Amino acid sequence: MLTKGKIDRKDLFWLGLLAVFAAIPVTPWFNHSSFAQHVLIQVFLYSSMAQAWNILGGYCGQVSFGHSVFFGIGAYGAGMAVVKFGLIPWPGILAGAVIAAVVAVAISYPCFKLKGHYFAIATFAIVEIFNRLFMVWYWVGGAIGLDYGFTQPGWKNFVWYQSKVGYFYGVLLLFMLVFGIVRWIERHRFGFYLRAVREGQETAESLGVNSTRVKLSAMALSAFLAALCGAFFAQYNYRVDPPMVMSLDMSMKFVLITILGGLGTFYGPLLGAALLIPLQEYTRAYLGGIGGGVDLIIFGLLIVIVVVYQPKGIMGILDRILNGIRRSRSGEGGK
Amino acid sequence: MALLEVRNLTMKFGSLVACNDVSFDVEKGSVVGLIGPNGAGKTTLFNCVSGFYKPTSGKLIFDGRDVTNLPAYEVARLGAVRTFQVVRPLKEMTVMDNVLVGAFLRGADADTAHKVAEECLSLCRLEDKSHNLAGGLPIGYKKRLEMARALATGPNLLMLDEAMAGLTSTEIKEALEIIKGLRERGITLLVVEHIMEAIMSVADMVVVLDGGVKIAEGTPREIVEDEKVITAYLGAKFTERLKRSGEVTRND
Numbered sequence: 001m002l003t004k005g006k007i008d009r010k011d012l013f014w015l016g017l018l019a020v021f022a023a024i025p026v027t028p029w030f031n032h033s034s035f036a037q038h039v040l041i042q043v044f045l046y047s048s049m050a051q052a053w054n055i056l057g058g059y060c061g062q063v064s065f066g067h068s069v070f071f072g073i074g075a076y077g078a079g080m081a082v083v084k085f086g087l088i089p090w091p092g093i094l095a096g097a098v099i100a101a102v103v104a105v106a107i108s109y110p111c112f113k114l115k116g117h118y119f120a121i122a123t124f125a126i127v128e129i130f131n132r133l134f135m136v137w138y139w140v141g142g143a144i145g146l147d148y149g150f151t152q153p154g155w156k157n158f159v160w161y162q163s164k165v166g167y168f169y170g171v172l173l174l175f176m177l178v179f180g181i182v183r184w185i186e187r188h189r190f191g192f193y194l195r196a197v198r199e200g201q202e203t204a205e206s207l208g209v210n211s212t213r214v215k216l217s218a219m220a221l222s223a224f225l226a227a228l229c230g231a232f233f234a235q236y237n238y239r240v241d242p243p244m245v246m247s248l249d250m251s252m253k254f255v256l257i258t259i260l261g262g263l264g265t266f267y268g269p270l271l272g273a274a275l276l277i278p279l280q281e282y283t284r285a286y287l288g289g290i291g292g293g294v295d296l297i298i299f300g301l302l303i304v305i306v307v308v309y310q311p312k313g314i315m316g317i318l319d320r321i322l323n324g325i326r327r328s329r330s331g332e333g334g335k
Numbered sequence: 001m002a003l004l005e006v007r008n009l010t011m012k013f014g015s016l017v018a019c020n021d022v023s024f025d026v027e028k029g030s031v032v033g034l035i036g037p038n039g040a041g042k043t044t045l046f047n048c049v050s051g052f053y054k055p056t057s058g059k060l061i062f063d064g065r066d067v068t069n070l071p072a073y074e075v076a077r078l079g080a081v082r083t084f085q086v087v088r089p090l091k092e093m094t095v096m097d098n099v100l101v102g103a104f105l106r107g108a109d110a111d112t113a114h115k116v117a118e119e120c121l122s123l124c125r126l127e128d129k130s131h132n133l134a135g136g137l138p139i140g141y142k143k144r145l146e147m148a149r150a151l152a153t154g155p156n157l158l159m160l161d162e163a164m165a166g167l168t169s170t171e172i173k174e175a176l177e178i179i180k181g182l183r184e185r186g187i188t189l190l191v192v193e194h195i196m197e198a199i200m201s202v203a204d205m206v207v208v209l210d211g212g213v214k215i216a217e218g219t220p221r222e223i224v225e226d227e228k229v230i231t232a233y234l235g236a237k238f239t240e241r242l243k244r245s246g247e248v249t250r251n252d
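Top to bottom, those sequences are chains A and B.
Take the first sequence: its position 165, counting from 1, is numbered 165 in this note's numbering, and each next residue is one higher.
Take the second sequence: its position 60, counting from 1, is numbered 60 in this note's numbering, and each next residue is one higher.
Chain A extracted, bound-state conformation:
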């Protein structure tokens, strides 16, 4: 578990998985339909978002409904750089992420004085505040938002028009960054402190853990990574406006994908997104005509079923199955 500098079987599995993901665009299936490419990119984007949220909500146990704010700040960072300042998006992406982290610390410092559910409720209000603020803030485009003009496609401007392969590798890099950071955290002191604060703040403090600092660090990191995801989202859609990014809907996606996949687990956010996003995109494509929100109804039902059956989400179900197989094997070995 704590094998520093050595590569164990879990690492190999992870690296193998990344290699498979990286090879997807060369398969004929990828070029078969651009909608499938879109769905795939969304899966990686949303699993990165959920993993960023998971640092704070899953590992540290502080449920935030405010992550769409940080996501939005990141999206606006990229959007402002491109649309307002006529620059390449990269400095805006970095600035947006830093600003998101600073805003996150500033708003969560008072909120962390509230415990458990009250913290979650306070973060609800923040989404509404930021949504309204950006709606009337004309310097950042107000309700109309920011629309990207046509620029030279490629990595420099981080936009592509003809093919989605660039976006695919872009989101894969983001995915590797976010998941890589969480993987590092899991094995280091910070990860142990995160979980200790989740399991018992006073106990953690009795062991010398400054719980406020741990929570604020988790919040800052989580917001920083959520903002990077937001920047990708703006680049991918060539535009950003307040309801697109800073909404409770968007906030709920961070939370629900993680819960569905498994709170505080490494693969949970990926599994949650891999199940939910195709479901969402295909129901929207096929049932969209019936009226908005069918995808959310199905999503809601899924959450209810999973949480009632196995509160640890898909990871919990997988664990149970794997343990069952292991037990039956060792049982046979005994005979």
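By construction, these hints were calculated from the structure, which means they are not laboratory data.
Quick caveat: nothing in here was measured; it's all calculated off a predicted structure.
Built from N, CA and C at the ideal position, the CB exists for glycine as well.
Any given hint could be a false lead.
Unchecked claim - Examples of chain A residues toward chain B, derived with CB under 7 Å:
1) Glu128
2) Phe192
3) Arg195
4) Ser206
5) Leu207
Got chain A sorted already, so can you dock chain B onto it with the hints?
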């Protein structure tokens, strides 16, 4: 100079005075027992010393530093670490991970922390449970986990809040062995305990609280003969039994 100096410590909750002008010293390398009937203010005193409560008045000096108003995590970093009377395992973490949280206090290096944790687990006889989830342990193990976790922080002063309450007599014997082992390693102990036979056999000094006030302080032998302590807490019959059983003769 004593490792811990408690000076005129008073803790009030509204009009209730839980601790009233309590003073005593804990010498380096000693085992000090803190006893008294229910509601005497033992746990309150513990919470003050460990930084969980801010005392209404009075002073706490640990290792030459005023720690009266320091938060709990600072007190722990200075080396005064406590366990909880009502056990608080980090439930969804394994026993090993629980102890690692403590072990990480003295450095971020995972290999070192791992070594320290393993040592503390074996010292508290938990090595075969190290991969179990802490929330599922039986109470005796949970009590020992509290100890192992606190121990892993490398404390100078270990404060055990009723580490033996609710244990079977075999488990108590095991716990006593562990405590004796800690003392041999040079760790100073402040122990709240109700089980008199247990505390009398390990303590160098005993402080007796009743109704928030210190009513006696002395060696175990002096304490069992103290009139005030007998009336307030031990009772005459019990004192006889203790003396006959010879548990208090260790300091002779």
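Let me know if the C-beta of Leu207(A) comes in closer than 7 Å to any C-beta of chain B, holds or violated.
-> holds (5 Å)
Minimum beta-carbon distance criterion (7 Å), Arg195(A) to chain B | holds (6 Å)
Regarding the hint that Ser206(A) lies at the interface with chain B, is the smallest CB-CB distance below 7 Å?
-> Hint holds; Ser206(A) Cβ to chain B Cβ min 6 Å, cut 7 Å.
Quick one, is the Phe192(A) hint okay against chain B at 7 Å, beta carbons?
-> This interface hint holds because 5 Å falls under the 7 Å limit.
Taking the least C-beta to C-beta distance, is Glu128(A) closer than 7 Å to chain B?
-> Violated: closest Cβ of chain B sits about 32 Å from Glu128(A), beyond 7 Å.
Figure legend: structure checked against the earlier numbered hints; the only hint not met is number 1.
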